[in-house]
Structures are given as structure tokens and as C-alpha cells.
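**Student:** If you read the sequence shown in this note's numbering, its first letter stands for residue 160, the second for the next number, and so on.
Derived by calculation from the structure, the hints in this document are not laboratory data. Do not rely on the hints blindly, as some may be mistaken.
Straight-line C-alpha distance at most 35 Å; calculated DSBU-like pairs for lysine-lysine [stated by the list, open to error]:
# : residue 1 : residue 2
1 : K266      : K248
2 : K193      : K282
3 : K248      : K259
4 : K244      : K178
5 : K282      : K323
6 : K178      : K248
7 : K256      : K178
8 : K252      : K282
Pairwise CB distance ranges, derived in the manner of DEER restraints [what the hints assert, rightly or not]:
#  : residue 1 : residue 2 : range
9  : V195      : A272      : 19 to 25 Å
10 : V270      : T224      : 44 to 50 Å
11 : E264      : E329      : 18 to 24 Å
12 : V226      : M299      : 14 to 20 Å
13 : S196      : G241      : 22 to 28 Å
14 : K248      : V226      : 21 to 27 Å
15 : Q263      : E312      : 21 to 27 Å
16 : F242      : H183      : 19 to 25 Å
17 : E327      : E222      : 27 to 33 Å
18 : F242      : I161      : 24 to 30 Å
Values in this document were obtained by computation on a predicted structure and should not be read as measured data. No residue lacks a Cβ here, since even glycine has one placed at the ideal position from N, Cα and C.
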Amino acid sequence: MIIYKCIVTGDELFSDIYKIKECHNGLYYEVEGKIVSRTEGDIDDSLIGGNAASEACDIESLESTTVSGVDIVLNHNLRETGFIKDTYKQYIKEYMKVLKKKLQESKPERVEAFTTGATNLVKEILGNFRNYQFFIGESMNPDGMVALLNFREDGVTPYMIFFKDGLEEEKC
């Protein structure tokens, strides 16, 4: 399994268990997810053993809750954050500078393609700004990557956008 982490924060963002498509000449990954519902806090009676009915227990502590959302977000503990267009412009401008600097150090041959592609992609994102939800890693570090969540034309299938050059791969 490959886990993709933010190069700035080290936060786990997604893994290769999802359908991943490289887009815009390798500028970003489009990761397709699913809407899921999970029951948390539910304890299987067979795990308790003995006679559960005669055991004195706190019923409230055993209550379960159902959580629904996009599997990528739930599995990797991504946190939703909010942006207005102007604050996103400020963020993405600074984040692109960080990525460009890291590319100059590690892959100088990619800098030109990255700069051109990133400019065009940011224009597309800003053009469809109201369609996106924004997520950051578990540490909630504002300097890290902000992943974008949108839905396909069917209105049901979620997908997320992650900048490829802002990720490091870790094999497990």
C-alpha cells in the first residue's frame, strides 16, 4: 500500500486504495471516493461474553453513532476548512511558492511545467470556486496542502484534487 502525505506537514492525505487519476500533465491527482455511512461506538455482544443482560453497565457509554461522509475524508481524518475566494487566492499563491521552491531543490526540470500548469489550474479552480469544499490534514496546519472536494456530473460521486508535487509517497 502507498500512503500519500503532505510534504509540508507530513499529514496522511490519501492512499492507493482509491481510484487515482493523474491529470493536467502530472500536476495533480484526482482521487475518486464514495459516500459512506459508518457506525461508531457499536460493540458486538459476542465480544462482551457472559450474560450481557445481567451485567451492570452504563447504557449511554455503549450507544453508537452513525457518521456519513466521503470515505477519503473519514479514513484519513481530513478536516474541513472554509475559504472565501480572496483568502483562497492568498493561500494558493503562498502554497505555490513553497511547492516551486521545493521543486527547484529536488526536480528543477519540472519547475517550468509546474508554473504554467499551476497558473491554469488555479484559474479553473477559481472559476468553479463555489463547487468546492476544502480539506486539510489531521494536524490542521494552515501551511499544508488544502485538498479540494467536488462531485462528478452525476452529483453523487465525490472526487478530491491533490497537487502531486505537494505529496510524498510512503510504502507500507
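**Student:** Output the numbers, in ascending order, of every earlier hint that fails for this structure.
**Tutor:** Per hint list: 9, 14, 15, 17 violated.
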